[in-house]
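Student: This is what each chain is made of:
2 protein chains.
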Amino acid sequence: MAANILLVEDEPGIQELLKFNLTQAGHQVTATGDAEEALKFLKTTLPDVILLDWMLPGMSGIDLCRRLRNDERYQPIPIIMLTARGEERDKVLGLDTGADDYITKPFSPRELVSRIKAVLRRRAPQMTDELVEINGLRLDPISHRVQGRGQALELGPTEFRLLHFFMTHPERVYSRTQLLDQVWGDDVFVEERTVDVHIRRLRLALEPSAHAELIQTVRGSGYRFSADVG
Amino acid sequence: MAANILLVEDEPGIQELLKFNLTQAGHQVTATGDAEEALKFLKTTLPDVILLDWMLPGMSGIDLCRRLRNDERYQPIPIIMLTARGEERDKVLGLDTGADDYITKPFSPRELVSRIKAVLRRRAPQMTDELVEINGLRLDPISHRVQGRGQALELGPTEFRLLHFFMTHPERVYSRTQLLDQVWGDDVFVEERTVDVHIRRLRLALEPSAHAELIQTVRGSGYRFSADVG
DNA sequence: GAGCCGGTGTCATAAATCAGTCATACTGCT
DNA sequence: AGCAGTATGACTGATTTATGACACCGGCTC
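Order-wise, the sequence lines are chains W and E. With our numbering as the guide, the letters of the first sequence map in order to residues 1 to 230. With our numbering as the guide, the letters of the second sequence map in order to residues 1 to 230.
Note that these hints are calculated values from the structure, not bench results. Treat the hints loosely; a few may be bogus.
To be verified - Here are the computed distance ranges between Cβ atoms for each label pair:
hint, chain 1, residue 1, chain 2, residue 2, range
1, W, R203, E, E192, 52 to 62 Å
2, E, G26, W, V197, 37 to 47 Å
3, W, E133, E, E207, 30 to 40 Å
4, E, I142, W, R67, 41 to 51 Å
5, E, Q75, W, R67, 26 to 36 Å
6, E, E154, W, P12, 33 to 43 Å
To be verified - From chain E, some residues computed to sit far from chain W (all C-beta separations above 10 Å):
hint, residue
7, Y102
8, S143
9, Q182
10, D187
11, E207
Claimed, not checked - As a list, the in silico DSS-like pairs of lysine-lysine whose alpha-carbon atoms are at most 30 Å apart:
hint, chain 1, residue 1, chain 2, residue 2
12, E, K19, W, K19
13, E, K40, W, K19
14, E, K117, E, K43
15, W, K43, W, K19
16, W, K117, W, K40
17, W, K117, W, K19
18, E, K43, W, K19
19, W, K40, W, K19
20, W, K117, W, K43
Ideal Cβ placement from N, Cα and C applies to all residues, glycine included.
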């Protein structure tokens, strides 16, 4: 996993506790004490997940959440609300603001970690280190290996990331621009056509185990990874 | 194994019993009777494992555990809770404070010893003194020897630790940074590229028995120890 | 204390791989 | 056929690793 997490929690004790547990779980944590501080941090860095305390001094967590959800830059970042209240009403409210999940205090660190994992899996499956296997094509992020029906396949770094993204987002067309954003990164300036070249390299790499056809061209739209031969 | 163990147990009888058994098992044991004493000891020495009684006079074991878990200095030290209660609720609580394991009284010394071993293996597999053997490559931490198919191999201290780490964490890619943390130590300031050099030295040392290829380069990611030739 | 030595970290350079671009060939569709 | 979108092969600069050399350090010997 190893996600970058932004924690917004005013109570020092809890902040410390959470930071410790999350770090322990292999995450990179930045802790802030209020909404302003959090926003400041967000100006320079985009975390993978935001943990947001419900009650905060100044702008409340729920306000911050709404605000983030209205900014397209932060929109894709999963938000998990931490709340001390257990009322159903509040929970619903929390979700309506655009939070991806909420968790009621007191909670076990274990639970939190697993929720983070769940949220990441939903938003950015390629970030979880889970092994993916489709139609006999297997990609293991941990050992950084790809096998096609048992046979080892060689692919370069970019092809590996590309395949990983595809395998965690199958059956769906992605434009070249989207692929550039997702696989290369938002801040890269590269020709769109470069994607074609890497698609080709990926296909070549998958050729030995006849998995090349899983990468399908959708004329006028982009590419799709699909188990369907059609 | 031969670990340094800090025992925190207020009941003299049990303390003696445990100390005897653990010493018998080859460990170095320091016994303390309460949390304060334990903390004092910890200021000067970092043990490999902490055995913590649940009920203690003054600060309870669980409080001590939480406290230790919030101090990054003690963070990596495995903690095993000793508890007289068997309730599930308590167990969960104990784990949530950051304890690595718990064991319910009464327990057999044998069980305790094996749990210690397990916890050590989990936190830092290369700390257990167990002999490791992969593909005819054998590393014995006790005699500090390495053999490739019976043939003795010469490697320096750093290469030995590096190989030990790799052999206890196979089939997994590690970045240079991770290797520096794990093999050199967190507090060392060394160039990342230095890892390359030691990888090379390790490969050279494994050459005589043709085990060099177990150390694999994963371009753009780091290195991997793998029995797979692929 | 001088000199030797194994062990380490750094660096410069060579070698290996890769990424991005482009020109050109190819394809499917109208 | 004509057009727009893709595939392909080749090329070049850039990045990443491998390698050999070297300087430094602490311990030891004489």
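Student: For D187 of chain E, is the shortest beta carbon distance to chain W beyond 10 Å?
Tutor: 16 Å, holds
Student: Would you mind confirming whether the straight-line C-alpha gap from K19 of chain E to K19 of chain W stays at or under 30 Å?
Tutor: 34 Å, violated
Student: Between K117 of chain W and K19 of chain W, is the straight-line Cα distance small enough, at 30 Å or below?
Tutor: 16 Å, holds
Student: Minimum Cβ separation between S143 of chain E and chain W greater than 10 Å?
Tutor: Check passes; 30 Å lies beyond 10 Å.
Student: Compare the distance between the alpha carbons of K117 of chain E and K43 of chain E with 30 Å, and conclude whether the hinted pair is satisfied.
Tutor: 24 Å, holds
Student: Take a look at whether the Cβ-Cβ distance between E154 of chain E and P12 of chain W falls inside 33 to 43 Å.
Tutor: With a Cβ separation near 52 Å, E154 of chain E and P12 of chain W fall outside 33 to 43 Å, so the hint is violated.
Student: For the pair I142 of chain E and R67 of chain W, does the Cβ-Cβ distance stay inside 41 to 51 Å?
Tutor: 60 Å, violated
Student: Check the hint pairing K43 of chain E with K19 of chain W against an upper bound of 30 Å on the C-alpha distance.
Tutor: 23 Å, holds
Student: Does K43 of chain W lie within 30 Å of K117 of chain W when you go C-alpha to C-alpha?
Tutor: 25 Å, holds
Student: Would you check the hint for K117 of chain W and K40 of chain W, treating anything up to 30 Å between C-alpha atoms as holding?
Tutor: 26 Å, holds
Student: Can we trust that Y102 of chain E is non-interface, i.e. its beta-carbon lies farther than 10 Å from all of chain W?
Tutor: 14 Å, holds
Student: Going straight from one Cα to the other, do K43 of chain W and K19 of chain W come out at no more than 30 Å?
Tutor: Holds, at about 21 Å.
Consistency with the previously given hints fails for numbers 1, 2, 4, 6, 12, ordered from lowest to highest.
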